[in-house]
Amino acid sequence: MTSINKLVLTRNGGTFWGGSSTLHNLLGYTPKVKTLVLNGFMLDLAMLRALRPIPRPRAWGPVIFPKLKTLEFRYAKLAGPLVDLKPGFEDLLSRQRIQRMVIGTHAQESEYSVTRSIDEDDELIEWFKSKVPEFYLFPEINTIYKINDDTWQLWNA
Numbered sequence: 236m237t238s239i240n241k242l243v244l245t246r247n248g249g250t251f252w253g254g255s256s257t258l259h260n261l262l263g264y265t266p267k268v269k270t271l272v273l274n275g276f277m278l279d280l281a282m283l284r285a286l287r288p289i290p291r292p293r294a295w296g297p298v299i300f301p302k303l304k305t306l307e308f309r310y311a312k313l314a315g316p317l318v319d320l321k322p323g324f325e326d327l328l329s330r331q332r333i334q335r336m337v338i339g340t341h342a343q344e345s346e347y348s349v350t351r352s353i354d355e356d357d358e359l360i361e362w363f364k365s366k367v368p369e370f371y372l373f374p375e376i377n378t379i380y381k382i383n384d385d386t387w388q389l390w391n392a
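According to our numbering, the sequence shown is numbered sequentially starting from 236.
Don't take each hint at face value.
[Unchecked claim] Below, computed lysine-lysine pairings styled on PhoX-like, alpha-carbon distance capped at 20 Å:
{"#": "1", "residue 1": "K366", "residue 2": "K321"}
{"#": "2", "residue 1": "K321", "residue 2": "K364"}
{"#": "3", "residue 1": "K321", "residue 2": "K267"}
{"#": "4", "residue 1": "K269", "residue 2": "K241"}
{"#": "5", "residue 1": "K312", "residue 2": "K267"}
{"#": "6", "residue 1": "K267", "residue 2": "K366"}
{"#": "7", "residue 1": "K241", "residue 2": "K267"}
{"#": "8", "residue 1": "K241", "residue 2": "K304"}
{"#": "9", "residue 1": "K304", "residue 2": "K366"}
{"#": "10", "residue 1": "K267", "residue 2": "K302"}
{"#": "11", "residue 1": "K269", "residue 2": "K312"}
{"#": "12", "residue 1": "K302", "residue 2": "K241"}
{"#": "13", "residue 1": "K302", "residue 2": "K269"}
{"#": "14", "residue 1": "K366", "residue 2": "K269"}
Hints listed in this document are in silico derivations from the structure and should not be mistaken for laboratory results.
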């Protein structure tokens, strides 16, 4: 069995990894992941819930879920103001000990969605800087995160 330390998931065009429950299940099968990079996904409360373990009784044994250290949202799509997601981030950061977080957004308007880029003055950005040791904000990323040759590419067949 191969240990996966870094998992990069990209949603582009017709490729889709399913909803937040699919992502949560995938993470349950990759408990050694320390770095998660999500490219082109909608950043919403459901996505944030998928990134944290679900509480369960101690009698059931240890929780099998990654203990993420690095979390990157690249080319993220926002359906509204980032501050609306603060309760989800508070919950996520109380269950995961994230040491490094990157948020890169793509501002795009279409008939299907309206996304807004992040403003450096956003009150949530200041909150992040007080909670995450290494927090980086990229208001717009014009290209999807490049996948290295040593990264396994998984397809949803």
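Verification of the supplied hints:
At roughly 12 Å between alpha-carbon atoms, K366 and K321 fall within 20 Å of each other, so this suggested pair holds. Restraint check for K321 and K364: satisfied, since their Cα atoms lie roughly 13 Å apart, inside the 20 Å limit. At roughly 27 Å between alpha-carbon atoms, K321 and K267 are farther apart than 20 Å, so this suggested pair is violated. Using a Cα cut-off of 20 Å, the hinted pair K269 and K241 holds, with the two alpha carbons roughly 6 Å apart.
For a cut-off of 20 Å, the pair hint linking K312 to K267 is broken: about 27 Å separates their Cα positions. In summary, the hint linking K267 to K366 is not supported, as the alpha carbons are separated by about 23 Å, beyond the 20 Å threshold. For the hint pairing K241 with K267, the CA-to-CA distance comes to about 9 Å; that is within 20 Å, so the pair holds. For the hint pairing K241 with K304, the CA-to-CA distance comes to about 10 Å; that is within 20 Å, so the pair holds.
Under the criterion of a C-alpha separation no larger than 20 Å, the hint pairing K304 with K366 is consistent with the structure, at around 13 Å. Among the hinted pairs, K267 with K302 is consistent with the structure: their alpha-carbon atoms are about 8 Å apart, no more than 20 Å. As the CA atoms of K269 and K312 are separated by approximately 23 Å, the hinted pair breaks the 20 Å bound. Between K302 and K241, the direct Cα distance comes to roughly 12 Å. Compliance with the 20 Å bound is thereby established for this hinted pair.
Among the hinted pairs, K302 with K269 is consistent with the structure: their alpha-carbon atoms are about 6 Å apart, no more than 20 Å. Restraint check for K366 and K269: the C-alpha separation of about 18 Å stays at or below 20 Å, so the hint holds.
Checked against the numbered hints above, the structure breaks hints 3, 5, 6, 11 and satisfies the rest.
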